[in-house]
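Chains as they are written, first to last, in my numbering: chain A, 267 to 661; chain B, 267 to 661; chain C, 267 to 661.
Keep in mind the hints are simulated off the structure, nothing from the lab.
The reader is advised that the hints may include incorrect statements.
In this list, chains with the same sequence are indistinguishable; a pair is considered to hold if it fits within one copy or across any two.
[Claimed, not checked] List of simulated lysine to any residue pairs, SDA-like, C-alpha gap at most 25 Å:
#1 Lys357 to Ala587
#2 Lys661 to Gln616
#3 Lys377 to Gly525
#4 Lys661 to Glu566
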Amino acid sequence: MTVTEPARYEDAALGFRNHWYPAMFSSDIRETEVKTLRILGEDILLKRVDGRVYAVRDECLHRGFAFSAKPECYTKNTLTCYFHGFTYAWKDGSLVCVPSDPESPLVGKAKLRSYPIIEAKGLVFIFIGDMDPTPPLSDDIASGLLEDGIHVVPWHNQEVSSNWRIAADSASELNHVFIHKDDGLIHYWRQPLPLAELPRGNNPYEGFVTHEGPGPKGMSDLFGDAIPVFEVKIEHEGEIGMIRSAYDPRTEGGSVPFGNMTATLSLPCGLRIGPWGGFEPGDPSGTGYTHFEWYVPIDENRHRYVIAWAKKVENENEALAMEHDVRTRWSYLEYEGFNRSDVLANEASQRAYAERGYAFGEKEHLSRIDGYVLTWRRVASKHNRGLQVPYGGKK
Amino acid sequence: MTVTEPARYEDAALGFRNHWYPAMFSSDIRETEVKTLRILGEDILLKRVDGRVYAVRDECLHRGFAFSAKPECYTKNTLTCYFHGFTYAWKDGSLVCVPSDPESPLVGKAKLRSYPIIEAKGLVFIFIGDMDPTPPLSDDIASGLLEDGIHVVPWHNQEVSSNWRIAADSASELNHVFIHKDDGLIHYWRQPLPLAELPRGNNPYEGFVTHEGPGPKGMSDLFGDAIPVFEVKIEHEGEIGMIRSAYDPRTEGGSVPFGNMTATLSLPCGLRIGPWGGFEPGDPSGTGYTHFEWYVPIDENRHRYVIAWAKKVENENEALAMEHDVRTRWSYLEYEGFNRSDVLANEASQRAYAERGYAFGEKEHLSRIDGYVLTWRRVASKHNRGLQVPYGGKK
Amino acid sequence: MTVTEPARYEDAALGFRNHWYPAMFSSDIRETEVKTLRILGEDILLKRVDGRVYAVRDECLHRGFAFSAKPECYTKNTLTCYFHGFTYAWKDGSLVCVPSDPESPLVGKAKLRSYPIIEAKGLVFIFIGDMDPTPPLSDDIASGLLEDGIHVVPWHNQEVSSNWRIAADSASELNHVFIHKDDGLIHYWRQPLPLAELPRGNNPYEGFVTHEGPGPKGMSDLFGDAIPVFEVKIEHEGEIGMIRSAYDPRTEGGSVPFGNMTATLSLPCGLRIGPWGGFEPGDPSGTGYTHFEWYVPIDENRHRYVIAWAKKVENENEALAMEHDVRTRWSYLEYEGFNRSDVLANEASQRAYAERGYAFGEKEHLSRIDGYVLTWRRVASKHNRGLQVPYGGKK
């Protein structure tokens, strides 16, 4: 097993190496289909063969042709380069055949970089790194998604024009909810949503639980620990401005039951919030969905925003009912009425972070209200499995 | 007051710091409106409040959000960041309120960079720099615009794809008039325009008046000092080519009265020519407009070309008559029939100046005919208030 | 004559200096027309005067104006800069006239870079370099194009998004024919085309003829020397995949007569294959066309793909018949049904070659099957006339 040194979050413009990432939805790659993927600065080709998905680097060893320009497969399990016919095994990338040289000493020796894939719960996970064996997938995802009896509906996958860390830093931080104050989902819920939370103390790291033992590494926040702010008064030059949550916690029959929710942000780039989203107007107990999302690095300036919802179900009928409910109602309310505001906020912060000669984080003004981001960065810096360098620095 | 060292013109790709620049027209920012501006490499947000225009840097101190993506103002005089609600005073950029931390020690201490604004004569002038107090606006504009009784009509504001110095170098240089030889305005005037002027001596700096004392710094050229060229003969390989001014100074009843005109180029990037533009066919005495224009740096490869005309008026009726005359007739004749050629010339010179590893001016072949540009560069290098570095080099 | 040191092929991202290149078709520049050209990183302006084509650098010496933005010619043989009227001789670039200074000491001394041009066989060849006198054009083109009695039809000129060397490396290399296995031209011919050729020995340089004496420098390959592969068997994981040439050499009445063909790749960037292309179904003897093509560098990421066909003709009628045949039938069959696959292969290899910090060739896996590319690179590195640096490194 490769020894891997944790890298500083501030340096991880392309993400962390040696972790599992969601690559795409299972439904996006059907039997026999070949798909491309750019992730953490690497270009990858995927194919589903006999139900399993395989992945190799999208570049021929011989002269650099990008297979994806015209992928050829003369057997289910092989990939042939359009240019000179070099043929590789999808399963491990090994060179199987050179048409112009059946006795080529390269056959059986040369190997295309291949990527471990685990498919689970309707998602295709890919391991970007060099560790062999790979760490378990369950170390890179918060619990509640992979387990038996959980049904998962992956329902959003979007390219966002910001570095992945801008999204991760605000994933479930309780002050950024300011952006959601007038979102459609809030009006659907008709429940008060806080505008912010007060500091939990002078020590910004106070109040957050970190996960540094076995299993997924990260941090949790029990929203019930927050002291919510529902009203902000701005006094300036004799004028008074009021910002109020759309619904009044004193008159609207109580707040959205955030007190029950826990948000867990874990390496490499995933967030879990639960219970979430299924609140009916007048029924704040919720339907018990758990929200999972990821900010998967594409390159230094873009990430992929992936969302999946999970729920424990008893049988196939319950699973189908959940699919119907999520796809025909919540996906619209949740993304158009909530998450889209996060995308706006993240993209509008990219200019500041992308500025020439500017190291991540240097120009911020963080204080005791930023315990969430400070805790996350500290945990992420300590427990990741290495800095991403495309292809591990290989040519 | 900050000590400011003049910078070499050759280095000033982004312009000179600590000067006043026209930012926009007054009519472009109405009461309550928020507008963005990129100028000298800085991103700025402006708002008009109770008639006055205020300007702050378009980037939240906290985590870098660009306010302009969704500007929020809960009182007339405050700007609230969409992301976490940090609220600033438009007037001086000071932090007024942090929703998540009413007692935040940052309040009253942290300050967004704010920009001095003076509005005058229908133009919004902004000070890009660090001096406090700022030098008077009148030191950065040639006389004849700011004074009482002068009515000004700003009527053109265009992004041009060239460095601002390419435009400034040719602002009113009497050899570049070659480009205007067949312009529509010349045919409207039906008056001879020279093609060039002969050298005023072997010393290229001869013949230009520099302004290096109190007030605006720059140089002037009295067009009457020029020895005009109305006809150029090209002899080559037995062929003869003639370039003639569209109208013959010997037969057309005398030249356009350039002898009366004075062109003044002054720091940071403005040109005044007067009397200008209002010549009627058959009435070369002119109507006494004074032409002002600016080449305001946007970034290294673009500038904003701003034009305003000024005239002394006695009353509101005269002012209105002037507005009508300029907007319905001269703006078309002057820009479409004259200044557009300057834009063509400046944009087509950008490739040479932008070439990698090429320092401004190095590949030119300047001689005694280039006194104008040589004098301007010398004066500009000597009297500017410092090199522009975005945000004064602050993060 | 300038002493010129051969440069390494690996360094020649912009091509080789001091060679003749096809600039355009004769029919693309009519009498009096002015055209622009970007070639080997240089920007050039061309004009046809009294039947002859002249070329100068597209940038005024005085202040860098790109003449092409508005070219002015007051005599047939002169070019006048739009900006300040500097006038140059098309023939040698010498400064003829400065409108503002008839006595300018620059006149007769300053010189625009001018480019030697030779027009032949419907093609305009330009010399990019500093040698004077220039080497003969016939040293930079394989025989069979320039000679008396040869009629040439130039019929394709396309910008391709790859470095020129990617195209040259595969020009007529007999393993890349794999890409043509299902091309339209093959089905038109109804003749077997090999998929690859077997190694000609363990020494990859074996089997190719190099031309290192007087005349064009390069290498030849007699296709008849190849041991063709018509069938490839892929065995992997118990599956068998077969790749077969579209037509069977054992049943289809013999192969396309490649045995008669010779491919010659020569400096700077040209390929000749003959006899080529005119095969009629059922008449494999061919009509005796010789195929010429070039990969002319534009910049580091693009080249121009130029094709011309040549044939010995006895009279004007035969020449006309050839023009008709090539333009109305073969140009479609040949490009759409064959060469377009080369463009696909070359463009899809560019990403690998353009990768940051990656020197040309470093990541390839070359072996004994790559004798063609290895031989070509060795000969090209040894016999070129120098590395291209735009304008010879002059400002």
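Using 25 Å as the alpha carbon limit, work out where Lys661 and Gln616 are close: within a copy, between copies, both or neither.
Close across copies (15 Å), not inside one copy (29 Å); limit 25 Å.
One pair to classify: Lys377 and Gly525, alpha carbons no more than 25 Å apart. Within, between, both, or neither?
neither (52 Å within a copy, 35 Å between copies)
Since the copies are identical, ignore which copy is meant and state whether Lys661 and Glu566 lie within 25 Å (CA to CA) inside a copy, between copies, both or neither.
The answer is both: 19 Å in one copy and 20 Å across copies each meet 25 Å.
My question is about Lys357 and Ala587: at a cut-off of 25 Å on alpha-carbon distance, are they close within one copy, between copies, both, or neither?
neither (36 Å within a copy, 56 Å between copies)
Going down the numbered hints, you'll see the structure goes against 1, 3, while the others check out.
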